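Protein chains: 4
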Amino acid sequence: MLAEFSIIPIGAGSSIGDQLAEVLRIVDASGLPYKINPMGTVVEGEWDEVIRLVKRCHKTIMKTGERAVTTISIKDRKGKPNRKDQKVKSIEKRIGKSLKK
Amino acid sequence: MLAEFSIIPIGAGSSIGDQLAEVLRIVDASGLPYKINPMGTVVEGEWDEVIRLVKRCHKTIMKTGERAVTTISIKDRKGKPNRKDQKVKSIEKRIGKSLKK
Amino acid sequence: MLAEFSIIPIGAGSSIGDQLAEVLRIVDASGLPYKINPMGTVVEGEWDEVIRLVKRCHKTIMKTGERAVTTISIKDRKGKPNRKDQKVKSIEKRIGKSLKK
Amino acid sequence: MLAEFSIIPIGAGSSIGDQLAEVLRIVDASGLPYKINPMGTVVEGEWDEVIRLVKRCHKTIMKTGERAVTTISIKDRKGKPNRKDQKVKSIEKRIGKSLKK
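Protein chains in written order, with this note's numbering: chain A, 610 to 710; chain B, 610 to 710; chain C, 610 to 710; chain D, 610 to 710.
Hint data in this document are derived by calculation from the structure and do not stem from the laboratory. Errors might be hidden in some of the hints.
Only part of the chain C face toward chain B is listed, based on derived beta-carbon distances under 10 angstroms [as the list claims (entries may be wrong)]:
| id | residue |
| --- | --- |
| 1 | 612 |
| 2 | 617 |
| 3 | 636 |
| 4 | 637 |
| 5 | 643 |
| 6 | 645 |
| 7 | 664 |
| 8 | 668 |
| 9 | 671 |
| 10 | 675 |
| 11 | 690 |
| 12 | 693 |
| 13 | 695 |
| 14 | 696 |
EDC-like mimics (lysine to aspartate or glutamate), calculated; alpha carbons at most 16 angstroms apart, straight line [what the hints assert, rightly or not]:
| id | chain 1 | residue 1 | chain 2 | residue 2 |
| --- | --- | --- | --- | --- |
| 15 | B | 709 | C | 694 |
| 16 | A | 664 | B | 655 |
| 17 | A | 664 | B | 657 |
| 18 | B | 706 | C | 631 |
| 19 | C | 689 | D | 675 |
| 20 | B | 668 | A | 655 |
| 21 | D | 706 | A | 627 |
| 22 | A | 687 | A | 637 |
| 23 | A | 668 | B | 655 |
| 24 | D | 687 | D | 655 |
| 25 | A | 709 | D | 637 |
| 26 | C | 689 | C | 655 |
| 27 | A | 702 | D | 637 |
| 28 | C | 664 | C | 637 |
Examples of chain B residues toward chain D, derived with CB under 8 angstroms [stated by the list, open to error]:
| id | residue |
| --- | --- |
| 29 | 617 |
| 30 | 641 |
| 31 | 678 |
Remember, it's a predicted structure, so these values are computed and weren't measured experimentally. Backbone N, C-alpha and C define an ideal beta-carbon position, used for all residues, glycine too.
So that you can see chain A by itself, here it is in the shape it has in the complex:
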């Protein structure tokens, strides 16, 4: 399945970049295929491995902070692996032009 997640530390002042860097270090080391974008991180894998990764990131933020808001969106489709790259390519093929990524 494909999932996008985002973690917002609350009450840590308005610069939260150090905490997000910590999260991305964990994602990058996880071995799961991922892509970051300005609003969140898209990751591909089975339910348990994706959720385990998000939990580790969320708990890391909660270790130093008082409060966090974590959002997870899951798109699951039977028999469709490697959708992270295929989804965008499939749209581009239909439109007949390359889109900004």
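Since the structure of chain A is already known, use the hints to place chains B, C and D on it.
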């Protein structure tokens, strides 16, 4: 922590009420404190028990369907149990009037 | 259409209750049918009136704060007014029992 | 401000690629800076221009469909334009390595 989740079965035609009823039966039987609203279900518990419940609901929808979109929003705050009811009451106290729930 | 929205002020310390009270005051005065829950506010109306309300709330938070994260989820269905109450009732009817709200 | 949005047509069968292609054509023609990812589209602009674009996309889907779920996440920060590219670069600088995008 507090979490709200919503599961949308895709490709099952535009009436998805039977599938959502199945999900709510699972939530109601889970024993976790919950509240449903027209857009999703708010549930309170520890990370593992909340996520286990959402997984069971998601997998139930995927058993009969081809595709689903599941969204989970988590608000976590150290040392604040029973927030499901307290959060709304705290807002009402500040405003000095009862709100529609 | 039905919409749920939530506004999180960032960098305002970990107690954000006063700012959320301000938002709920605006919602309550808007005249649109709404229901608050511990994770957000569900409101029913046409696209423009719903979005105008969310914008007013978001801009109010940004007036005193540096940063905010606002999430809007919209469920739109042709020819289905008054869904705020009907959706939950329809699920309860299928299950044959009253759910926690 | 930065916003990510995603539109899910419901009841249109499980292949919704043609409708998403239609949406991306509108985004690409809008002139607003955007980036698509496998879960949604990130767009940067002022509140009104971003919301106008999302409305046009949502209404296009509702013209041919019965039902749609549209999600919009907004990250707003005073005095921080061009964040679409800067946010990711800022994280990479802190980590000291290039991430997958």
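Checked hints:
The restraint placing residue 612 of chain C at the interface with chain B holds, with a minimum CB-CB distance near 8 angstroms, inside the 10 angstroms limit. The restraint placing residue 617 of chain C at the interface with chain B holds, with a minimum CB-CB distance near 9 angstroms, inside the 10 angstroms limit. A least Cβ separation of about 8 angstroms between residue 636 of chain C and chain B falls short of the 10 angstroms threshold, and the interface hint therefore holds. For residue 637 of chain C, the shortest C-beta to C-beta distance to chain B is roughly 6 angstroms, which falls under 10 angstroms, so the interface hint holds.
Using the Cβ-Cβ criterion of 10 angstroms, the hint placing residue 643 of chain C at the interface with chain B is satisfied: the shortest such distance is roughly 6 angstroms. About 5 angstroms separates the beta-carbon of residue 645 of chain C from the nearest beta-carbon of chain B, less than 10 angstroms, and the hint is met. Residue-level restraint check for residue 664 of chain C is violated (minimum Cβ-Cβ distance to chain B is 19 angstroms; threshold 10 angstroms). The criterion of a C-beta within 10 angstroms of any C-beta in chain B is not met by residue 668 of chain C, whose closest approach is roughly 19 angstroms, and the hint is violated.
For residue 671 of chain C, the shortest C-beta to C-beta distance to chain B is roughly 19 angstroms, which exceeds 10 angstroms, and the interface hint is violated. Among the interface hints, the one on residue 675 of chain C is violated; its C-beta lies about 21 angstroms from the nearest C-beta in chain B, farther than the 10 angstroms criterion. Checking residue 690 of chain C against chain B by beta carbon gives a least distance of about 13 angstroms; that is not within 10 angstroms, so the hint is violated. At its closest, the beta carbon of residue 693 of chain C sits 5 angstroms from a beta carbon of chain B; the interface hint therefore holds under the 10 angstroms criterion.
Restraint check, residue 695 of chain C versus chain B: the minimum CB separation of about 8 angstroms is within 10 angstroms; hint holds. Contact between residue 696 of chain C and chain B, as hinted, is supported at the beta carbon level, the nearest pair being about 4 angstroms apart and thus within 10 angstroms. Distance hint between residue 709 of chain B and residue 694 of chain C is fulfilled; the C-alpha atoms sit about 12 angstroms from each other, no more than 16 angstroms. Between residue 664 of chain A and residue 655 of chain B the alpha-carbon distance is near 11 angstroms, which keeps this suggested pair within the 16 angstroms criterion.
Taken as a hint, the residue 664 of chain A and residue 657 of chain B pair is honoured in the structure, with Cα atoms around 9 angstroms apart against an allowance of 16 angstroms. Only pairs whose Cα atoms come within 16 angstroms are accepted, and residue 706 of chain B paired with residue 631 of chain C is accepted, the gap being roughly 12 angstroms. Restraint check for residue 689 of chain C and residue 675 of chain D: the C-alpha separation of about 10 angstroms stays at or below 16 angstroms, so the hint holds. At most 16 angstroms may separate the alpha-carbon atoms for a hinted pair to count; residue 668 of chain B and residue 655 of chain A meet this at roughly 12 angstroms.
With a C-alpha separation of about 14 angstroms, the suggested pair residue 706 of chain D and residue 627 of chain A falls inside the 16 angstroms cut-off, and the hint holds. Only pairs whose Cα atoms come within 16 angstroms are accepted, and residue 687 of chain A paired with residue 637 of chain A is rejected, the gap being roughly 26 angstroms. The straight-line distance between the Cα atoms of residue 668 of chain A and residue 655 of chain B is roughly 12 angstroms, inside the 16 angstroms bound, and the hint therefore holds. Between residue 687 of chain D and residue 655 of chain D the alpha-carbon distance is near 12 angstroms, which keeps this suggested pair within the 16 angstroms criterion.
Proximity of residue 709 of chain A to residue 637 of chain D is assessed by CA-CA distance (about 8 angstroms); at most 16 angstroms being required, the pair is judged to hold. Taking the CA atoms of residue 689 of chain C and residue 655 of chain C, the gap is near 12 angstroms; set against the 16 angstroms cutoff, the hint holds. The suggested pairing of residue 702 of chain A with residue 637 of chain D holds, with an alpha-carbon distance near 14 angstroms, which does not exceed 16 angstroms. Taking the CA atoms of residue 664 of chain C and residue 637 of chain C, the gap is near 15 angstroms; set against the 16 angstroms cutoff, the hint holds.
Look at residue 617 of chain B: its Cβ gets to within about 6 angstroms of chain D, closer than 8 angstroms, so that hint holds up. The closest approach between the C-beta of residue 641 of chain B and any C-beta of chain D is roughly 25 angstroms, which is over the 8 angstroms cut-off, so the hint fails. With 8 angstroms as the threshold, the beta carbon of residue 678 of chain B comes within range of chain D, its nearest partner Cβ sitting at about 6 angstroms, so the hint holds.
Checked against the numbered hints above, the structure breaks hints 7, 8, 9, 10, 11, 22, 30 and satisfies the rest.
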